[in-house]
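Peer 1: Next come the chains, spelled out residue by residue.
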Amino acid sequence: MKTLLVAEYREGKLQGSVNDLMAFAQKVGSDAAMFLVGSETDLPKFQGPLYLADVKNCGEYNPDVHKQLLLDTIAKVKPDMVVFSHSSYGWDLAPRLAFALKASQVSEVVDVVDGVPVAPVCNSKLRRKVASKTPVAILTLQAGAFGLSEESTGVPVIEKISTTATGKVEFCGYEQAEMGGVDLTKASVIVSAGRGIGKPENIAIIASLAKALKGEYGASRPVVDAEWAEHNRQVGTTGQTVSPKLYVACGISGAIQHLAGMKKSEFVVAINTDKDAPIGEVADVLVVADLKQFVPILTEKIKAL
Amino acid sequence: MNILVCIKQVPDMESKFKINGAGSWYDSGDLAWRMNEYDEYAVEQAVQLKEKTGGDLTVLCIGPERVKETMKKALAMGCDRGVHVADDEFFKKDSFSIAAVIAEFAKTKSFDLIFTGMQSQDRGSGQVGVIIAEMLGIPSVTTIVSFVFDNNTITVKRELEGGLKAVIKAPVPALVTCQLGLNTPRYPTLPNIMKAKKKELLSIPVAELLNVSAHQETTSLFFPEKKGGGLVLEGEAGDVADKLINILKEKTAVLA
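Listed in order, the protein sequences are those of chains E and C.
Sequential numbering from 1 applies to the first sequence in my numbering.
Sequential numbering from 306 applies to the second sequence in my numbering.
Extracted from the complex, chain E is given alone in its bound form:
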């Protein structure tokens, strides 16, 4: 089996998700080649052929151009599988390629069982096996689902590629989120509020527990979207990635995007009314309770210690 791994480059840097791709190739035991629109100044530690287009000419986000480069590469490599990360780059580019190749695409793959990819359904409460019926299959991999067992030390064999294709959209630049104020990445305890807090006033309950534990309070995406907490308190893929000594998730169901931001915490306590919520998968302790009743009691007891 032959696999083409599609690495990513952003703001002048190779993205770490390239390790997920290599781990996947290792797991399925495929003969892998890699594709990157990037630069020779920051190369993946990949042992094998690397089809490299210059990001200066092709842009970091230019889907039509990247699609054409991929099509040209696929014509040479003739892979059975093309593998992306399930990231803002991968989920944008993969369906374009799938359409051009008349290929099946399986999104957010978390596992491969007997050669068949497995993808999450309904906020990870369920899983499905997805069998492709096309000669080439395209996969996007959930971040962190395929960990690399050992640090890669390979050196790629570079083949330079280019295209005259042009894009339909214009990339005008990046915009950084406003930071400043609290830095969750430095907090040793984080108590986070999810949708389960119900109303903005209840942030105070979460903030009190955080204070009692000498930590900071964070929030999941829906809470930040509702403007109940500032963006710099958001934990998850599109916010902060944190690894405190203690993470207390209050009323957070545990969408994968949130889990990706906090699963490296040393100890995780989840407080949730839904015993089956996916947050239970990563929690060391799951307290089945209504946080609005439970958290104030817990806070008082901790203060009294």
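These are calculated hints, taken from the structure and not from any lab test.
Watch out, some of these pointers could steer you wrong.
Stated by the list, open to error - Derived Cβ-Cβ restraints for the label pairs, each shown as a range:
hint: 1; chain 1: E; residue 1: Lys-211; chain 2: C; residue 2: Asp-544; range: 19 to 29 Å
hint: 2; chain 1: E; residue 1: Ser-39; chain 2: C; residue 2: Glu-374; range: 49 to 59 Å
hint: 3; chain 1: E; residue 1: Lys-211; chain 2: C; residue 2: Thr-524; range: 42 to 52 Å
hint: 4; chain 1: C; residue 1: Glu-539; chain 2: E; residue 2: Pro-296; range: 35 to 45 Å
What you are looking at is a predicted structure, and each value in this text was computed from that prediction instead of being measured.
Glycine is no exception: its CB is placed at the ideal position from the N, C-alpha and C atoms.
Fit chain C to the known structure of chain E by using the hints.
Peer 2: The following block gives chain C in isolation, referenced to the frame of chain E:
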């Protein structure tokens, strides 16, 4: 402006799911149904655009008879007309087939803008919007968290990882897929709910629009293995709090 917004009806994600008899999908009985959360942002953005530029806004939804309830919400939010693609077997169709049905409907309608959610809450494939655009040969931008239309050009912000956004411009016709937080979806008012009942809601059998074969098939649906290890605490809040404090003292240094 001629605008299309595509929505999906999904189960409430807090539901207790059961596997269907064939072992291929979740059982549709005993579920509460609602509009896919991402699509609420798509509908809101489409309505805001229509309010600004005038024109006509169509909402499209594929599924069995019950999806009309979800479509009525979109009509009450401000869509002008509904197109229900009647399909009792829609849950068996892959993203490619769903996109092909929508593109077949849209290809003769000259839509200036098409809005979809960035993904559905149940499947989460995130493919349908992009494939529709590819089929129609128009530009598409995914995962938008900001949208401005001016002078036949859209300027959108794509959400990337770690709080970063990319600013993208594209000419119309175009398609965008909408991320949470793009806007604040409105609640339909009672007068608008009443008005929505009189709006056109056309049904088209899916067979009239489907002319492709699926690229893939869900061969089985199952519950993930519980990783275990995690301790579950239940009971009287005071007792549970004491137990939790003891665990934290034992396993972490944060109460030292």
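Peer 1: Next, verify each hint and record whether it holds.
Peer 2: Hint check:
Judged by the Cβ atoms, the range 19 to 29 Å given for Lys-211 (chain E) and Asp-544 (chain C) holds: they are separated by roughly 24 Å. Against the hinted window of 49 to 59 Å, the Cβ-Cβ separation of Ser-39 (chain E) and Glu-374 (chain C) comes to about 52 Å, which satisfies the hint. In this structure the hint that Lys-211 (chain E) and Thr-524 (chain C) lie 42 to 52 Å apart at CB holds, the actual value being about 51 Å. About 18 Å separates the C-beta atoms of Glu-539 (chain C) and Pro-296 (chain E), a value inconsistent with the hinted range of 35 to 45 Å.
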